[in-house]
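**Q** Chain by chain, the residues run as shown.
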Amino acid sequence: MGMEFLIANILVLILTVVASLVAVLLRDLLAAAVAMAAMSLLLSLEFFILQAPDVAIAEAGVGACLSTAIVIIAIKGTKRTEDE
Amino acid sequence: MSGMSKIVKTSVNILFPLTMIFGLYVIAHGHLTPGGGFQGGAIVASGCAMIVVAYGSKWVFKQIKEKRLSSFESIGGVGFITVALLGLVFSSVFFGNFLAGSNLLFGTTPATGSTGADFNTGGVLPLMNFAVGVKVIAGLFVIVLVMAYASSVKEWDT
Amino acid sequence: MEKRTIVAVLVFAIVAVFFFFSIFLIHPFGKPGQVNMDDHIIANTQNETGTNNGVTSVVFDYRGFDTLGEATILFSAVAGVLMIFRRVKQ
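Chains as they are written, first to last, in my numbering: chain B, 34 to 117; chain V, 594 to 751; chain E, 428 to 517.
FYI, nobody ran anything at the bench for these hints, they're computed from the structure.
Mimicking DSBU-like on lysine-lysine, the simulated pairs with C-alpha atoms at most 30 Å apart in a straight line are:
1) V:K602 x B:K109
2) V:K602 x V:K658
3) B:K109 x V:K651
Going by beta-carbon spacing under 8 Å, a handful of chain V positions derived as facing chain E:
4) G623
5) F673
6) N690
7) G715
8) M721
9) V729
10) V739
On a predicted model such as this, the values are computed, not experimentally measured, just so you know.
Beta carbons are placed, not taken as given, at the ideal position from N, Cα and C, and that holds for glycine.
With the hints as extra help, turn the sequences into a complete structure.
**A** Below, the structure is given as structure tokens:
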């Protein structure tokens, strides 16, 4: 593996961790759902860098679109902000 | 969700056929390119979820009922198990690949090594891809549709 | 501090230490430990299943029961969702 491969790998992994931390720490649940979708998309990019395009397509379809849609539907049925 | 603005509807009208074509391409070429039944079905179900978001679940519920989608899902599962049982009948192994190398439907054997893509290969794998694709499309779409409709009506007893 | 919090922190620390030391024990990237089955699949997938895509041949042919279990999971998920959100006729 080359040097640019390693740099892209580490950058995408750091961005994934940052996006999941944002999804945990946000009080607005709709913004947290969008951050979770961004985390899932970055994870699918990481799978693609690791040469697993099957898993990348499945992760992008299910994780970034369908699970976000289900979470947003659940937020619409309840409250938008998190209680403290 | 009772429909969004005209801009969103026009954008979805343009994007929906492209998503459909890409998802069906991934299902149909599952034995040649990365992807397969589950991945292509997830892409097509994402396009259908886009329709649900843009037009509202009540409008979609008028077009198609959830019982019909549920029976499509069961048809996909029954087709998958039927192909596996045909493998048990013809090649004496459950999930046996009885069409590979038989020069029938999808029966051509590719040359060993790095070869060009031939659509007429793969044995029972394209049939299984198609069955699993139908199953995943109907299953994921009916989950999203029913949850959206249940959260949009106040009294769920009509 | 509550007793529950102390127990939670202890369990988390122990699991984190195990995960941290297991990083140094995994084999290097791109070098699998057991290569017999990988070599057999890579060498024979075009003759045995007639497919150019090795991943699909593993998913649907060599490991078909795994896909059958996945289909069962999806079927039970759809059945559960439709049972929870069913329309009750009075």
